[in-house]
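Chemist: Listed below, chain by chain, are the residues.
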Amino acid sequence: MYNFEFEKPGTLADAVAAMSADEAQALGGGQTLIPTLKQRLASPSVLVSLSGIGEMQGICMGDQGEMCIGGSSTHASVAAASGYRALSALAGQIGDPAVRARGTIGGSLANNDPSACYPAAALASGATIKTNAREIAADDYFEGMFATALDEGEIITEVRFPVPEIAHYEKFVQPASRFALVGVFVAKFKDGVRVAVTGASEEGVFRWSEAEAALSANFAAEALDGLTVDAEGMIGDLHGSKEYRAHLVNVITKRAVKAAA
Amino acid sequence: MPKDGGIGASSKRREDIRFLTGTGKYTDDINIRGQAYVHFLRSDVAHAKINGIDTSAAAAMPGVVQIFTGADFEAVGGIPCGWEITDRHGKAMQEPKHPVLAHGKVRHVGDPIAAVVAESLEQARDAAEAIELDLEELPAVVNMKAALVEGATKVHDDLDNNLCYDWGFVEENKGAVDAAIKGAAHVTTLELVNNRLVANPMEPRVAVGEYDRADGQHTLHTTSQNPHVIRLLMGAFVLGIPEHKLRVVAPDVGGGFGTKIFHYAEEAFCTFAAKAVNRPVKWTSSRSEAFMSDAHGRDHVTKIELALDKDNNFVAVRTETLANMGAYLSTFASSVPTWLHGTLMAGNYKTPNVYVNVKAVFTNTVPVDAYRGAGRPEATYQLERVIDMAARELGVDPIALRRQNYITEFPYATPVAVEYDTGDYNATMDKLEEIADIKGFAARRKESEARGMMRGLGINNYIEACGIAPSNLVGQLGARAGLYDAATVRVNATGSISVMVGAHSHGQGHETAFPQVVAEMLGIDESMIDIVHGDTSKIPFGMGTYGSRSLAVCGSAMVRATEKIINKAKKIAAHLMEASEADIELKDGNFSVAGTDKSVAWGDVTLAAYVPHNYPLEDIEPGLEETAFYDPANFTYPAGAYACEVEVDPDTGKVTIARFAAADDFGNVINPMIVSGQVHGGIAQGIGQALLESCVYDEDGQLLSASYMDYTMPRADDLPFYSVDHSCQTPCTHNPLGVKGCGEAGAIGSPPSVINAVIDALNSGGHDVKHIDMPATPAKVWAAMQS
Amino acid sequence: MSKITMTVNGKAASGDVEGRTLLSSFLREDLFLTGTHIGCDTSQCGACVVHVNGVAVKSCTMLAAEADGAEISTIEGQAAPDGTLNTIQQAFQDHHGLQCGFCTPGMVMSAAALLKENPKPTEAEVRHYLEGNICRCTGYHNIVKAILAASGQEIPAIAAE
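Residue numbers (this note's numbering), protein chains in the order written: chain A, 1 to 261; chain B, 1 to 787; chain C, 1 to 161.
Because the hints were derived from the structure by calculation, they are not lab data. In this text, a Cβ means the ideal position worked out from N, Cα and C, and glycines have one as well. There's no promise every hint is true.
Subject to a maximum C-alpha distance of 25 Å in a straight line, what follows is the list of computed DSS-like cross-link-like pairs (lysine-lysine) [stated by the list, open to error]:
id, chain 1, residue 1, chain 2, residue 2
1, A, K258, B, K446
2, A, K258, B, K568
3, C, K3, A, K38
4, B, K571, B, K598
5, B, K182, B, K25
6, C, K3, B, K25
Quick list of the computed label-pair ranges, beta carbon to beta carbon [what the hints assert, rightly or not]:
id, chain 1, residue 1, chain 2, residue 2, range
7, A, Q39, B, H244, 22 to 30 Å
8, B, H771, A, R134, 55 to 63 Å
9, C, D82, A, R40, 41 to 49 Å
10, B, D212, C, T87, 45 to 53 Å
11, A, Q39, C, A157, 45 to 53 Å
Anything over 12 Å on all C-beta distances counts as not near chain B; from chain A, calculated [claimed, not checked]:
id, residue
12, P35
13, A81
14, T148
15, L150
16, I166
17, E212
18, E243
19, L248
All chains, full assembly: derive it from the sequences and hints.
Modeler: Rendered as structure tokens:
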């Protein structure tokens, strides 16, 4: 690792101020960032820990029945929360127990790994990503592999998840990393179904609109029969070809629907 | 029932206490006052000419002690290969120089170019980034077939081509084998890949070099399975340090699996640099570094033909294999695809005609060498896959086909130059059928199918050769070392015992199992006996631990030394009791005179040996310490039968191991608990090879599976409980313990049964799939279902 | 450099660390608690698992500075002062749940966290919980068996061998 200054502000305001330093980098749980630093693939001057900020902690149910999760909440705390079962189940499948004890929702969404689980939940739930500066709808937030709408120095303070009538996240793991080879989050709301797919696309998490239309009309696995995503644009690597991932998108979506129903 | 702590008892492991309390002493736990740290600047390209290395800016960086490049090692030798192969035309293999630091060219991703010694590891890394390299990239040779094409880019410019050797075995039999195949009623042909693996012991390699100017003594602390072998190879061939000035210590070692047998450049570097900078120099591999610097395993591409007569008797086996050596010849690389592979191609069967051809190939990849099983998994996999395929083609029961062709009379001389001393393959298959509940499979398949899953059953046999020896034979075959082992039994005045053994325990439990043998022989409590291993300054000599040899070879040396102890102790006892030596009996730690009630205790005799007031000084020396070297007369031949049941998900191709059973014949067993543990671990590695693990290079020689993010290590939830049995015991006839070795069996015996089961499952689901190469990942199985 | 203070295995510990100092490095190099091992650099092997404020974490993926003020428990603090192994450690020895011993500290610490959370886990739950702990020696058979035994449950017949 290159060396850096470590700061652990106690308030959001102090964190924002610290982040204004040149080459400052926010540190959530560090479960992705620290391995990246070990490989010397990043060289921040200051690492600003977000773990000591009280206002970014805590999980509660909001006025509109949405689940509000502080940006520094760990995967373990989301897994243990009640109010949005599919989301808690998803959080309980990220990494392993020790990773879940440190990794945070804000860190995961800010990183937007194309195989991460949380982006699927945020996009399928139509979550709102709240930062120190603004609120960003999930539909506007994800901008491709490791790319988001966040500005430099912007910190995710809270994520608000509308809670669907029924929902389920189905994950088919990449066997080595245990990230999603294909992960599908299906969320059925009163006004329609949202389907978000992670792990599969070179563009990162995406909504599968054909499936959403079909499921909005008939929320049953059979509704997906014959629906395919184009293999072009899927990730092809050691663990599966583009065609395989395209195939899995259908299979895993069906499983998610079955499990949700 | 075996008595507590003797042969056959499942004694709990004494070494566990330190490992369970965090007080084990692994090499990375060693920190010596004043030590500096080395970081190796490694090639990030597979093949390039080194036009220049400018270290001037780096040398001026904070904390830098000294920077070394290949030029600093011109005066020393290269990393040696320990086995010379003579090819089928009588020509010696092509043996390239393997410099400590790359010189002239880099030949694989990870090849060390420069080494920065600094006050801290981070300072060394900082400085390494400031080294300016002028590399002229060359085309990389990755694929073995392409490497052998006339005019292919050469990995080593000074060799004729990329062919290390073209080995035929047994060359004189080739004509008969060809004729037998030509005249056979049925020939099954299979082309397959034995996937490249990374051993991945959980402890990465570490080396700490020390030099004492006062007496010119070098010390190397290293993560090795065989410290004496390292002392010999590094001292004699690389650095020119005589044995009495070089101490090699391998303390607690966190797993080896073959990859810690070999002598590595980093060991030579730390030893060399410690003298050059006059302070201890430490290197600790990161896992990422391990993927590109630990020798890899397997990587064979094979075509095998099995010929049968009209009654389904095997009449011939013929194989052609390409074996990847990587960019340099690692310590035992050349012997793995030849003597450790070809000699096992008869398997458990009385096939009269066998011919094996192996072409070893240089490529721009990490060197490939022995990995748990080393050659024998490759032989077993080919043979047991092709037999299964033949059974499917002929519509016969795969177990019956095997049984029909078993060798049943021993000793049995195979057509591939080895003599199996004992075995009972029907017995292990009977036991397997029982513990695997083969009869119940049909019902289990129905139950799986009711859940929409395809279920398959795969079985196989294996035979392996352990404790390779005798030395005079392996010498004729090209080994540049002996393959005996040694032990010293030091009985102290109060009767406690230290046994110095040449074997090295890095998980095998020698510290527990070896004392059980001595305790049994002397009739004393095992707690009075300690094992000392892993330090060339404490142990007379030893060839270390690999090839499932420790008990069969080193254990035999220990038995011989203990017999000498008993002989001398009886002389002392006879003197103390004024009796004839011939009448002395040793039982339960007491010496008695036959037919009388006279006896002396073990401790009285040992005390007399060291306080020889009443002692036959005119006949024997004081003291009670004996050493024995043991050179086995033959290999040992563990064998067994394995069964795997899998479920395959037709939608995703994911394979789940539903059941796994292993029936092994290891001959006599000293500690059944430890033996079962060895089998469990081997099975997990075999399942890992069959379903999960694969080391992959792209066409430019970049390593794609370069960390645990892409190289799939078997995890607890990938695996079931295994049913293992080693009650079928046909003791080895030529070592005093009747033991055969158990360390590699699981890894050798399991891959074919897994793939056989996957093929069975797919066929049961209506997919006419003949073969899938390992690892049978979900993507690969799904693709096979689509074709 | 900044000064950090923590409680490690019940004893106060402090030291000066750089920003980049990992908790694992602090434990191993500053406090000489070398039972915590480093087996990978991608946070997967789990040989470095310790408890921070009662929760299992990978100490190689946590900055030492983040642990300022925390209660840390490592493998060295598991046995009684007289050396008596705790229930999990004893079960690992009784059931041969370790071979080379390198992954063992992390396994024991993870097992302790599991049994705290779920005192009577099923076999499948044990296996799933160990997702972040890699062992290359045992094939996990005896590790799973040891953890089930430590939880006071009966061991399945197939695991008896």
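Chemist: Against this structure, judge whether each hint is valid.
Modeler: Here is how each hint holds up against the structure:
Simply put, K258 (chain A) and K446 (chain B) have alpha-carbon atoms about 24 Å apart, close enough for the 25 Å limit, and the pair holds. At most 25 Å may separate the alpha-carbon atoms for a hinted pair to count; K258 (chain A) and K568 (chain B) exceed this at roughly 78 Å. Distance hint between K3 (chain C) and K38 (chain A) is fulfilled; the C-alpha atoms sit about 22 Å from each other, no more than 25 Å. Distance restraint check for K571 (chain B) and K598 (chain B): the Cα-Cα separation of roughly 15 Å lies within the 25 Å cut-off, and the hinted pair is therefore satisfied.
The suggested pairing of K182 (chain B) with K25 (chain B) is violated, with an alpha-carbon distance near 60 Å, which exceeds 25 Å. Simply put, K3 (chain C) and K25 (chain B) have alpha-carbon atoms about 29 Å apart, too far for the 25 Å limit, and the pair is violated. Between Q39 (chain A) and H244 (chain B) the beta carbons are some 43 Å apart, a value that contradicts the proposed interval 22 to 30 Å. Look at H771 (chain B) against R134 (chain A): about 57 Å separates their beta carbons, and that is inside 55 to 63 Å.
Against the hinted window of 41 to 49 Å, the Cβ-Cβ separation of D82 (chain C) and R40 (chain A) comes to about 45 Å, which satisfies the hint. Taking 45 to 53 Å as the suggested C-beta distance range, the pair D212 (chain B) and T87 (chain C) conforms, at roughly 46 Å. For Q39 (chain A) and A157 (chain C), the Cβ-Cβ distance of about 46 Å falls inside the hinted range of 45 to 53 Å, so the restraint holds. At the 12 Å boundary, the C-beta of P35 (chain A) falls inside the reach of chain B, the nearest C-beta of that chain being 9 Å off.
A81 (chain A), annotated as away from the interface, keeps every beta carbon of chain B farther than 12 Å; the closest lies near 24 Å. At roughly 22 Å, the least C-beta separation between T148 (chain A) and chain B is larger than 12 Å, which holds for a residue marked as non-interface. In this structure L150 (chain A) is separated from chain B by more than 12 Å, as the shortest Cβ-Cβ distance comes to about 24 Å. The beta carbon of I166 (chain A) is kept farther than 12 Å from every beta carbon of chain B, the shortest such distance being approximately 22 Å.
With a minimum CB-CB distance of about 21 Å to chain B, E212 (chain A) clears the 12 Å threshold, and the non-interface call stands. Non-interface status of E243 (chain A) relative to chain B is broken: a Cβ of that chain comes within 12 Å, the nearest being about 8 Å off. Separation of L248 (chain A) from chain B is inadequate, the least Cβ-Cβ distance of about 7 Å not exceeding the 12 Å criterion.
Of the numbered hints listed earlier, those contradicted by the structure are 2, 5, 6, 7, 12, 18 and 19.
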